[in-house]
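Undergrad: Now for the letters of each chain:
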Amino acid sequence: MKKYIQVALGILTAIGGFVDIGDLVTNAQVGARFGTSLVWSTLVGLVGICLFAEMSGRVAAVSGRATFDLVRERLGPRFGMLNLVGSMLVTLLTYIAEIGGVALSLELVSSVQHVLIVPFVALVVWLVLWRAKFNLIENAFGILGLALIVFAVAVWQLAPDWGSLAHQAATAAKPHDELWSTYWYYAVALFGAAMTPYEVFFFSSGGVEEKWSTEDIGVMRANVFIGFPLGGLLSIAIVAAAWLTLGPLGVSVGSLDQVGLPVAVAMGKIGLAIVIVGFFAATFGAACETGLSVGYSISQYLGTQWGKFVRPDKATFFHLVVGLSTVIAAGVLLTGVDPIKVTEVSVVFSAVALPLTYFPILVVANDPDYMGEHVNGPVANALGTVMLVLVLVASIAAIPLMIWTGMGR
Amino acid sequence: MHRPASLLLLAVALTLASATACEPAQPDHEDWRDDAYYAVSDTSSDMAAAYAVLRQLERDRVMGNFAQVSLVTAEEHAGKVADRFGAEQQPEADDARQHRVEEALSSAGDLLTATREAVVRRNRSAYPGLASRLTQTRRALDRLATDLGGVRG
Chain A
1 MKKYIQVALG ILTAIGGFVD IGDLVTNAQV GARFGTSLVW STLVGLVGIC
51 LFAEMSGRVA AVSGRATFDL VRERLGPRFG MLNLVGSMLV TLLTYIAEIG
101 GVALSLELVS SVQHVLIVPF VALVVWLVLW RAKFNLIENA FGILGLALIV
151 FAVAVWQLAP DWGSLAHQAA TAAKPHDELW STYWYYAVAL FGAAMTPYEV
201 FFFSSGGVEE KWSTEDIGVM RANVFIGFPL GGLLSIAIVA AAWLTLGPLG
251 VSVGSLDQVG LPVAVAMGKI GLAIVIVGFF AATFGAACET GLSVGYSISQ
301 YLGTQWGKFV RPDKATFFHL VVGLSTVIAA GVLLTGVDPI KVTEVSVVFS
351 AVALPLTYFP ILVVANDPDY MGEHVNGPVA NALGTVMLVL VLVASIAAIP
401 LMIWTGMGR
Chain B
410 MHRPASLLLL AVALTLASAT ACEPAQPDHE DWRDDAYYAV SDTSSDMAAA
460 YAVLRQLERD RVMGNFAQVS LVTAEEHAGK VADRFGAEQQ PEADDARQHR
510 VEEALSSAGD LLTATREAVV RRNRSAYPGL ASRLTQTRRA LDRLATDLGG
560 VRG
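If you read the sequences in order, they're chains A and B.
Mapped onto my numbering, the consecutive letters of the first sequence carry residue numbers 1 to 409.
Mapped onto my numbering, the consecutive letters of the second sequence carry residue numbers 410 to 562.
Don't take every hint at face value.
These stretches of chain A come out as covered by chain B in the derived footprint (C-beta under 8 angstroms, 3 or more residues) [claimed, not checked]: (1) 63–72; (2) 258–264.
Pair by pair, the computed Cβ-Cβ distance ranges are [what the hints assert, rightly or not]: (3) B:A535 to A:S181: 39 to 47 angstroms; (4) A:P400 to B:A502: 25 to 33 angstroms; (5) A:V310 to B:Q498: 55 to 63 angstroms.
What the hints contain is simulated information worked out from the structure, not anything from laboratory work.
Note that the structure is a prediction, hence the values are computed from the model and not measured.
Quick reminder that beta carbons are idealized off the backbone N, C-alpha and C, glycines included.
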């Protein structure tokens, strides 16, 4: 019975924790302008994140060590450093965006300018990262993040023409008033948002924090292969809700309130209150995950003590990095930079950094010295290689598309 | 590199940077048209968002604080768009169109300010009139965007 509860909790957490500020903003922007025509990109990203999260989780369960810990050892310090710098900078950028997202969520209920809320949010995030238990961080915000299911309810309430939504998704038909360059820019952005690097760092490091062994591989797979796809459905619900309500009005989403507006249109104040709780939980949970991931990556590369399972005085460097990252994030946001713009940049740079994150995982998961009998099978390798090619294409195309389209204008 | 040479390079770079920073952007006709199109389209989107929020507020389907934040965001965004566009030096042939666009952006900004003021004061009787004006202004902006015939026009 305990095992089933554990599986159910893991799946619920995976669903609620799947969506972060990048998914919220990018899916709403895409939905309002392109409808469901880019759902294929989210689905491809979903296959990718499931595939590589499973690999990194399996590596953690079999070796008892997290990704960065093994990358330097397996691929050498130079590649490890490249991997560290690329992935860590993107994760830091995402951390800034998530803290900004929490402040924007609180602004929606308090009407206090988000810049004034940022120091308070940064302090609370840091305190949680320092004091709270790992399970609490992972489960509490994951479960609370389930409030975002309200997007799916909103789509239902809006009584759409399901056939038309499905047809648009199946044919990937670009609206005639949009450009192909913008279409592809958003395809890459959605892909980057679905496969954000920190998700696998957090997942594999979390496995080590929770002392996974080979016996936990089944539970881990259930979380990944059931929880993540259901979380992906939330992304698609955001797209559909935005298309149905904001699309006809011609609203191009540029703020968090506009992401939540479709729910208000469909369900009124109660729906709006629930979606704001969902925004808060999703961004706060992701802020904790990204903050920890910055600390994980640097500490694991340098081989110092890391993690929440070690007492803070035994992992001082790890906590110092987390604290410093929080100060940097707050400092950047206090300049008045728009957190939504930071989010837009972070998903594009996520796409750029994808090969640096996912190539080493594929290499380590194929190494029998680490993995023994749990080494990748032919299906995982074939899918992993195809996905790596897609990741490489997205990575190369991301910045030229960003410049060419003026960030998707 | 010798120190004086590096200092000279730095001085030249700083002089060039400060000189070009004072110079307004001077796009050619095509670029100006695209910038004008984007400015008008972005502002039209702000009007549409403000309209949607106001209608929901009228029906008591959103909280006052939420509506306030939405309208402040739309107003600020429209203001930034107008400022950015106004800082450009249009090609001479586009003087009249620049004036027309600036006027349209300015009146849209004024309307967003009036809407925000009404919402902050919870002046519910003004909502229907403002919603109607927001729709009219948005339509006028959409027509202007089509006339400009920019990137997506």
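Undergrad: Now, for every hint given, state plainly whether the structure supports it.
TA: Quick rundown of the hints versus the structure:
1. Coverage of the stretch 63–72 of chain A by chain B is violated. Counting CB-CB distances below 8 angstroms, 0 residues qualify, and the rule asks for three or more.
2. A count of 4 residues in the stretch 258–264 of chain A with a Cβ less than 8 angstroms from any Cβ of chain B is obtained; the coverage claim is therefore met, three being the minimum.
3. Between A535 (chain B) and S181 (chain A) the beta carbon distance is about 42 angstroms. The supplied range of 39 to 47 angstroms therefore holds.
4. Judged by the Cβ atoms, the range 25 to 33 angstroms given for P400 (chain A) and A502 (chain B) holds: they are separated by roughly 32 angstroms.
5. Take V310 (chain A) and Q498 (chain B): their Cβ atoms lie about 60 angstroms apart, and the range 55 to 63 angstroms holds.
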